[in-house]
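As a plain string of letters, each chain reads:
There are 4 protein chains.
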Amino acid sequence: MSHLRAFVAERDWKQFHTNENLAKSIAIEAAELLECFQWGDSADEARVREELADVLTYAFLLADSLGADPTQLILEKLQTTSAKYPVERSRGTSKKYDQL
Amino acid sequence: MSHLRAFVAERDWKQFHTNENLAKSIAIEAAELLECFQWGDSADEARVREELADVLTYAFLLADSLGADPTQLILEKLQTTSAKYPVERSRGTSKKYDQL
Amino acid sequence: MSHLRAFVAERDWKQFHTNENLAKSIAIEAAELLECFQWGDSADEARVREELADVLTYAFLLADSLGADPTQLILEKLQTTSAKYPVERSRGTSKKYDQL
Amino acid sequence: MSHLRAFVAERDWKQFHTNENLAKSIAIEAAELLECFQWGDSADEARVREELADVLTYAFLLADSLGADPTQLILEKLQTTSAKYPVERSRGTSKKYDQL
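Quick note, the sequences are listed as chains A, B, C and D, same order.
The first sequence begins at 1 in the working numbering and counts up one residue at a time.
The second sequence begins at 1 in the working numbering and counts up one residue at a time.
The third sequence begins at 1 in the working numbering and counts up one residue at a time.
The fourth sequence begins at 1 in the working numbering and counts up one residue at a time.
Rather than coming from a laboratory, the hints here were simulated on the basis of the structure.
Treat identical chains as interchangeable: a pair holds within one or across any two.
List of simulated lysine-lysine pairs, DSBU-like, C-alpha gap at most 35 Å:
| id | residue 1 | residue 2 |
| --- | --- | --- |
| 1 | K77 | K14 |
| 2 | K95 | K77 |
| 3 | K95 | K84 |
| 4 | K95 | K14 |
| 5 | K96 | K14 |
| 6 | K77 | K96 |
| 7 | K84 | K96 |
Only chain A is shown next, with the shape it has when bound in the complex (with noise of 0.2 Å):
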């Protein structure tokens, strides 16, 4: 994180970080990523990586924002899906747990 926070201090872009554009940033990134398998699952594994860096980059600058920690923010929501989706219930499915 620390890393991440002097790259954007030493050129002066946290003026462009805002939450809206980051949340923008992260939707853009996501769907680079996603065009690696535009046309199927076969996708290039060092681009994928790069798109996914990306948007790491953007989520963590936005949890950042947000004085949140990354790992922390997941496993709180864990906590959330795991009610939403008991393990005997939702074993093998991937139906949304309002159709379990």
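For chain A, the structure is supplied; the task is to place chains B, C and D on it using the hints.
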């Protein structure tokens, strides 16, 4: 990461988590995050945290599927991006590298 | 629509245009359109037109694959949306129907 | 287009429909369409039609805001794309033009 893996394993969901499906899932969750800002920049922070957590969850799962560490992916990409955006030329501007 | 079909047929591209691939393509192009507005609302209009054209192209191809007319789809959905957003309650607010 | 304009005017929603907000809305609806195919290609057709209708609705509103006709935008772009993808070289392949 181990909590996430256990969560998936208990539900036997790994069968659904092809790299392509994870990429689609990241894009879907990124758009739900964007929806918090659909009509402007005043978003409900609790909802932003939840949607960001969903993006991060699928991004971590894809990183894991690639055998990569999320923080490591970010740092590697930061080196490439630093080279594309030298401090002197990119300071204070949101222009893309090919227009600097 | 006939120009679009001929364009695809000449190149033998129908094999790539499953509904799923078209849905991915729409999302990818929608994000390229969004990229015009990544750091604010002053976008290059020529580029906006091009990216919007890409979204429309894939959306028309998906409509065609479903045997549906794009304008008809819009009009049908407009009826549903009109019922969800009665004029008296939705005038001048961007709230979602479940919060009106 | 006149039905769509009337729908928006009656609700006084034009104030929310900046080009940027419409671009975000297209991306959001495109991801809801993609969600129909999140775990595979067997999607509920009625839902696909509804989500596609939402994408088309916002895309038509953005075209209208640009003073452009949707079909015309598609046809203009088709000319550019035809030049980038000559029939002889692009037939039967999903490669991008810079890799043909």
